[in-house]
Each structure stands twice: as structure tokens, then as C-alpha cells.
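Those protein sequence lines, which keep their order, are chains E and F. If you count by the numbering used here, then the first sequence holds residues 1 to 161, one letter each, in order. If you count by the numbering used here, then the second sequence holds residues 1 to 106, one letter each, in order.
Fair warning: there could be bad hints in the mix.
Capping the alpha-carbon separation at 25 Å, the derived lysine to any residue pairs in SDA-like fashion look like this [said to hold, decoys possible]:
1) E:110 x F:15
2) E:110 x F:23
3) E:110 x F:40
4) E:110 x F:38
5) E:110 x F:47
Please keep in mind that the hints were generated in silico from the structure rather than gathered at the bench. Since this is a predicted model, take the numbers as computed values, not measurements.
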Amino acid sequence: MTRKRNRREFLAAAAGLAAVAGLPATARGQATANLLRGTEKDMLAAIARYTGAKAVTKGRVKLEVPPLVDNGNTVAIAVTVESPMTEADHVRSIQIFSERNPEPVILGFKLGPRAGRAHVATRVRLADTQTLVAVAEMSDGTYWSGSAPTVVTIASCLEDL
Amino acid sequence: MSNALITVPKTAKRGEIIEIRTLVSHNMETGYRRTERGVPIPRDIVRSFSCTYNGVEIFSAELYPAISANPFLSFSTVATESGTLGFHWKGDNGFAVSSSAQITVT
Chain E
1 MTRKRNRREF LAAAAGLAAV AGLPATARGQ ATANLLRGTE KDMLAAIARY TGAKAVTKGR
61 VKLEVPPLVD NGNTVAIAVT VESPMTEADH VRSIQIFSER NPEPVILGFK LGPRAGRAHV
121 ATRVRLADTQ TLVAVAEMSD GTYWSGSAPT VVTIASCLED L
Chain F
1 MSNALITVPK TAKRGEIIEI RTLVSHNMET GYRRTERGVP IPRDIVRSFS CTYNGVEIFS
61 AELYPAISAN PFLSFSTVAT ESGTLGFHWK GDNGFAVSSS AQITVT
């Protein structure tokens, strides 16, 4: 790690180490893992689990994330999928993935032709500056994806009470 | 203790796409935070949400710790008939909240 640790990260890490010292061996592994950020590899593995390792094509999915986030605890995001949403051709489900959060899956939606349009919005937590990916499953069994980069100044997740 | 806030248009034309916005009060404890003494705070989140239209499920969501406190979800549906929209949240530690809204379709 070349980046200098700031005070908050240092304290979070120190608190973590203090806790690790007092825990039995099995719990220790978990506690250490909790301090780690996710990686792109984790995210790709999670996407593969969702799609059943089928090919994902870029396009048709628009993910809206603010380019600059002041507070990673509440980030408004929206996903729109280009689809006529008819009985014959609609979006079956959407999942949103994160590269750097402790867990790669952020949210999963199930929708169908009765939705009328494939547009959903929510508020999420982001642990770090990263790229988010949304993958949509169509009724014909194909998978499409869209991504959006974002810069997070105050991270979520690791803050102490 | 738990409150749900729902925004649904009271009336709609048949075939119109309506937007539904929902929010439930819950602090969505991630399970990744620690107290000052370094003791992990156990996870306590809302796990799932579903919306029914006259008893038929039209939308559902699976929630993870990355969802902000007081989970907000916005989605849409086609106004097909007058009736009741049901909203159900389920989560850790037996959390369960249900709410409903009426819609008149002309």
C-alpha cells in the first residue's frame, strides 16, 4: 500500500486488530475479512453467479449514479433498461453490483411485463470510489449490462459508532 | 415502531404507467460496523420487499447491507384495475411490515 492511511482508516484498522486479538481462531478470519474491501474479481464472480456464467452484452442498461458523491451512506441510483416490457419481450430481473463494497451484490429486482417500463430507483451505500455495474436478465434469457463510475469522498461501511 | 411511507397515485387511467415509491423505516445495520471497543455490531437488515396488485405479485426486491438506512424503492406498474396494492417487507430478527394503498382506475 503506497497511499498514506488517514486517521479514520487507522482507527478502524486499530479497532479491528484489537477485536481480532480477543477472538477465537475461526472468528478471527471473519473479522479480518470484514475489514477488507471487495475487488473487481469478487464482483465478476458475483455477476457470473447471477447469470450462471452466461455471456453478458454491454448495452440496453443505463445506470445512473452521481459522478461525485459527498456521503457514501446515501447515494441515489437509478437503473433503466431499454425494453418494450411486453409479455413476449420484457426484463425478468436486474441486479446491481459493486466493485469495492464488502459485499459485491448491492440489490436484486424481479419485475415483469406488468411493470410497464423497466425503471427502478433506490438509495445505496458505497464504501469507496468505484464503478457500479447493473446487469439485466431479459425474457429471452440474454443478459445485458451497464456501468457507471463514481468518486466517493466519505465512505460508508467502516465507520465506528 | 416501524413505519412505511408509500406514494401511489389515487386515481389513474386504465393502461397508464404509474410510479410507486416506498420507504420503510429501518436502520439497516450492515454487520460491518464496530463499536468503539471494537465489538462487531451484528447485521440487522431488511432482506426482501414485494409488491402485490390485487393479490398478484408485480415486483419484488432482494436487499443487501449496501442499501441505505430507511430503504427507499421506486418502481412502476401498469394500472390495470381498481383495487389494492400491497407492500411487504421482511428482514432479520423477525422484521415484518405490511402496508397497502388503494387505487381507482378509470
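Fill in: Unmet hints by their number, sorted upward, for this structure
Per hint list: 3, 4 violated.
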